[in-house]
Amino acid sequence: MIELTVNGATHRVDVDPATPLLYVLRNELALNGAKFGCGMGQCGACTVLVDDRPVFSCLYPVSSTAGRRVRTVEGFGTPEKPGPLQQAFIDRQAVQCGYCIAGMIVRAQALLERVAHPTEQQIREHMNPNLCRCGTHMRILDAIRAVAATGELHRAGEKGPAS
Amino acid sequence: MRWRRTGYVAGAVLLAGVIVFAAIAWQPAIPPVKSPDIAITPELVSKGRTVVALGDCAVCHSPEGHPAFSGGLGLRTPFGVIYTTNITPDVETGIGAWSLDAFMRAMRHGVSRDGHLLYPAFPYIHYTKVTDDDLRAAYAYLMTQPAVHAPAPRNDLPLPLRFRPALAVWNLLYLRPGAAPALDASPRERGRYLVEGLGHCSSCHTALGIIGGESGRYLGGGDVDGWHAPALDVLAHAPRPWTVEQLSAYLTTGLASEHGASAGPMRPVTDNLGDVPPEDVHAIATYLMTIQTSQPPTAPKAGAVADASQLARGHALFDGVCATCHGDGGPMETQLGRPPLAASSALQGPTPRNAIMMVLQGIPWPSHPKPTAYMPAFADNLTDDQIADLVVYLRSTTSQPPWPDVRDEVRRARKDLSHD
Amino acid sequence: MTTDRDEPVSRSRRAFLAGGGLMVSFALFGSLRVSAGQENTLGATILNPKLPGDLKIEPMLDAWIRIDASGVTVCSGKVELGTGVRTALWQVAADQLALPLERFRFVTADTALTPDEGYTAGSHTMADGGTAIFHAAAQVRAMLVDAAARKLAVPPERLVLENGVIKAPDGRQLTYEDAAAGLDLHRMATETSPPSDPSAYRYIGKSVPRVDILAKVTGGAAYVQDMRPDGMLHARVVRPPNHGATLVSADVDAVSRMPGVVRVVHDGDYLAVVARGEWQAVLAMRALQASARWRQTETFPDNATIHDVLKTLPRLDYVTTRQGVDGEVHQAAPVANAAPAAASTGARVERVEATKQYVLHGSIGPSCALAVWRDGILTVWTHSQGVFPLRAGIAGLLGLPKEQVRCVHVEGSGCYGHNGADDVAADAALLAHRMPGAPIRVQWMRDQEAGWEPLGPAMETSLEVATDADGALTAWRHALWSTPHNERITNPGRLLPAWLVSQSIAPSPPSPIPQPEGDADRNAVPLYRVPDVRVDMHFVTQMPFRTSAMRSLGAHINVVTIEAMMDRLAAAHGKDPVAYRLAQLDDPRAKAVIQRAAEAFGWTANPALPPNRGVGFAFARYKNLMGYCAIALEVEVDPDRRAVRVDRVVTAVDCGQIVNPDGLTNQIEGGIVQSSSWTLYEQVRIGAVGVESVDWQSYPILRFPQVPARIDVHMIDQPGMPFLGAAEIAQGPTAAALVSAVAQATGRRLLRLPLVPHLWP
Ligand code: FES
Ligand code: FES
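Chains as they are written, first to last, in this note's numbering: chain A, 1 to 163; chain B, 1 to 420; chain C, 1 to 761.
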């Protein structure tokens, strides 16, 4: 049995400890946000936050979550009350097929929590690990910029350049 | 970003007294010029492009996110951060007012046009060996690049080290000015010239002494940015001995089919060498294969054989996070022609450092889309213990003896990284 | 072709319809089929060629709109592929029915429930599907009003439709359901519909928020990947390393004993594992793959030689278009090679040749499907573009009658054409059929998607054009070499698993999509004024790699070729490229988008540009039938970093009447970004072991840092004009404008795609 905390709730799952977190989130916890895209850390569709850092859940052993906080796009808001990035993505229709989008929102969240008002270049560099095949990039950037302008996701006291 | 290793001035040297060395430290300014003071021809520019690529100038002077050659890369040294400067022909902030003489003096003696001494992070102790012709071509090439107004950020060094004349002492110790041209046209000679001069290989692949001068066995291996720059004089004694062909392929494409992909600080170097004439890379490889030691290096101390439970944990982690790419019969081997992981230099080497760094840092995407060897960084995905388990397991899949102290080495490597 | 209407409708469809009290009898169409019966380019059969849009293939109103006590249901055989078209179709239905969006159900592509509109492809969805709904809804609305008028004893013109009720002047009102009681919607649609007033539209022309986005951004179940029915098992397939490889051995027994493994399927060269857990399935798949030994039977060309090889392969040579001086058009007449353009005129002749490498659709989510064989019905949930052809293919593969197979569309990751969706659905069907009762979910791995999806074809074009002294075009000779752009399911052998099983079925021979839509020759016919046009197709029929439809088909390279020619001719005659194009066009809508784009970009004849910068301009009307698109853009090249940065893109488009402006802009932006990636970077690496691009490091595509700094989309609305598709109109012009801008920035006019690896090999 492995215990993990996802979006504030603690779960116990009976899986092989080396199972990538992605499969546990999707199948054991029935969370749809993180997607399988490549399983190789090359596309970012599976991005989730672990202790506020964006990670590829397809390459994250579930056993590594011990004592850490996992957050997925489901934790950022609900259909009734979407979070700031979710709302910005809806408002700007920053979706085509949408398959990449949950991963995009999660990665952007990590940046905006850490950096209040990132520059355009910081945003683009930060988003580099995530691929979109539909070409929705202009709108994704636009949605991120809109939330960046408000600084509302920024966590006070956490400063530092984008990596 | 950060860089690498450099020569540095130790505090002790400073104490040696400024006055005494004032005379040797003083260098005159060279008058500014309005435009390049040589005839610039397309042939010269094109040759200069190769020289600049062989000199790896772009690695430091064209950092990601900055216009080409406009500098601004922070080089992390044990003493503080030194920023690379603008070498575009901008008059105010670049080298637009530099005559060829000023350029040559900087390359040969580490002296800026206005007379101040440059930090030896700039490898003039190697560039000094470059021929006049090559320097002239490099000058022509740089002077024809778009000028960019980009003042260098202020170096972040403690006060004593900001006192540049003290560098004269360092130069006395380490700088042997003067060109060292190839003696003949053989690939070996051409290779020697490139390795010693433009390529400045030894600035990473030779161990540094306390004040940052190269003091270990020449090309006997060094440390840079947390990675181990392997000894280049024992390549013939590797478990799978290197050949000129493998080395050329590695240097040109960043991938050797029997040894794996270039990574860490070597990655930008192989990116650059992809741009130079293949004969030059072949010459470098040829030369390096002629300086191999006759005796195999003494085997490093082996560690204890890992216990079965650690190997099992490592194996399980491998299945979870590595095998999609590196598993037997996986596409990486069948379609991409990559060597099995067990054959990679990082796992065959004398210390676990590079295997650990590889897991922590991976191989980043190139700055522009091109076929490449990419590997995600696992620093945020795996704990130190997991990385140790994984690395111990991976080493056990090779025919090499176990490494000692892998767990401590992981901790040290991660600490080196956290300074970034 | 296997699409046919003789089969009785499936049982579940009957059940649904019976419930609604509106019976359909397809026997009615027997006579119509005889007179019409042609298949359209999307694989659907035309029953009444006179009707608008897809009413041609499904003329009965109740196939589209059903009204019963439970409410109004609108059905479409088209599917959402990530273009927002579901919302757009819904908008059209809502306005034409005068019914708020949320007041009716909207059902898409389910072989048991909806009309068979063939494939959702080729930017036809709004043009055909939207038009059908537009008319069906208007006709049903009129029938409802008439019925209500009778029931209320009020003249129909005095009734008002408001919020889903029909109101009489005296305040009495009827719901649509009440009005429809006793009304038989099982009627043939008419050729014309009662007019509607565009100024009264509440949805059409408005940026109605897409109905699918909320779930997609909050982690709702939005994709076939997200389905988890009770008792679901996870399957993974093991594919040969390349086409033609045959299985020598595999350790089925060992893998069968692995934890969680329920079944290992080994049938000929077909290998798959079924396990309880998904991760267990992955581990079993890897073990099976590692144990498998294959014999390679084919040799493969490489990237450097593929275009020469194409010319040596068996092929059909024919003229797709011959437009004589008399203006007559002769199509598909078999001839030998065309005489050079100069032969007919003796005037100035320019020649342009272009090549393109194989490209991947490269969906971000690998293909996935779910199937269950239960109670005599095999149900397949699929992100296929065409559930009806897929049903026929799967039925044929498994030897089942069609009525025992039901295919239901559920969204997947964007496909951009014929990717692995159908093949993985066949995998799921094949496995589910062997394991009755258990829902089987199959998802491909990244390397399987890359290695086994049908590729976008490698192509070569050659264009010769003669002009007179003023630059007027006098003769046009376009030749092209390509493998098929349409290997859709015309027989079960077109489904990949069918080749691998021991009872294998070969794919039916390829046949090109004819003009005016075109295949490799899509957009090969110029819209520019030229009296003498000939397009020669060299259609390669036996090929080393499977290829099929990918957005814009041949238009991508043909527009590059044509527009490079126009640039060259403009230069040869000392004209500005934009002015030159305008002078060679008659179509006012074409001219309008060109003028608008040029103006918005600030196009000047000879801009003073810093070194390494270039601007480019291009235009096309997709298929010469669909949306118009003109693009101006600016690039900067960095030879040291071997990089091309797209700076600013300005485009003007005319897609007829705009249904959803924001949705349209989104599509155009997406097309520009996607085409930039194709044009600058993308090529499938091929070599000794076949496809050597298996992931994003071996098939690099554009990433965030390379996305253009700005894209401005200018839309020209045409209220009352037909809807024209948009999702593919920007691909060709983007590519052509990039070629032109890069040529200016580098001084090298490169017509080998992708540009970046050819600029700096
Ligand atoms: S699925 Fe994890 S990075 Fe692609
Ligand atoms: S929206 Fe389809 S992949 Fe990004």
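It cannot be assumed that every hint is accurate.
[Claimed, not checked] When the alpha-carbon atoms are kept at most 30 Å apart in a straight line, the in silico DSS-like pairs for lysine-lysine are as follows:
no., chain 1, residue 1, chain 2, residue 2
1, C, 311, B, 370
2, C, 206, A, 81
3, B, 301, B, 415
Honestly, the hints are just simulated from the structure, not real lab data.
Hint by hint, here is what the structure shows:
About 28 Å separates the Cα atoms of residue 311(C) and residue 370(B), which keeps this hinted pair within 30 Å; it holds. The hinted pair formed by residue 206(C) and residue 81(A) meets the criterion: a straight-line CA distance of about 24 Å does not exceed 30 Å. Simply put, residue 301(B) and residue 415(B) have alpha-carbon atoms about 23 Å apart, close enough for the 30 Å limit, and the pair holds.
Comparing the model with each numbered hint stated earlier shows that all of them hold.
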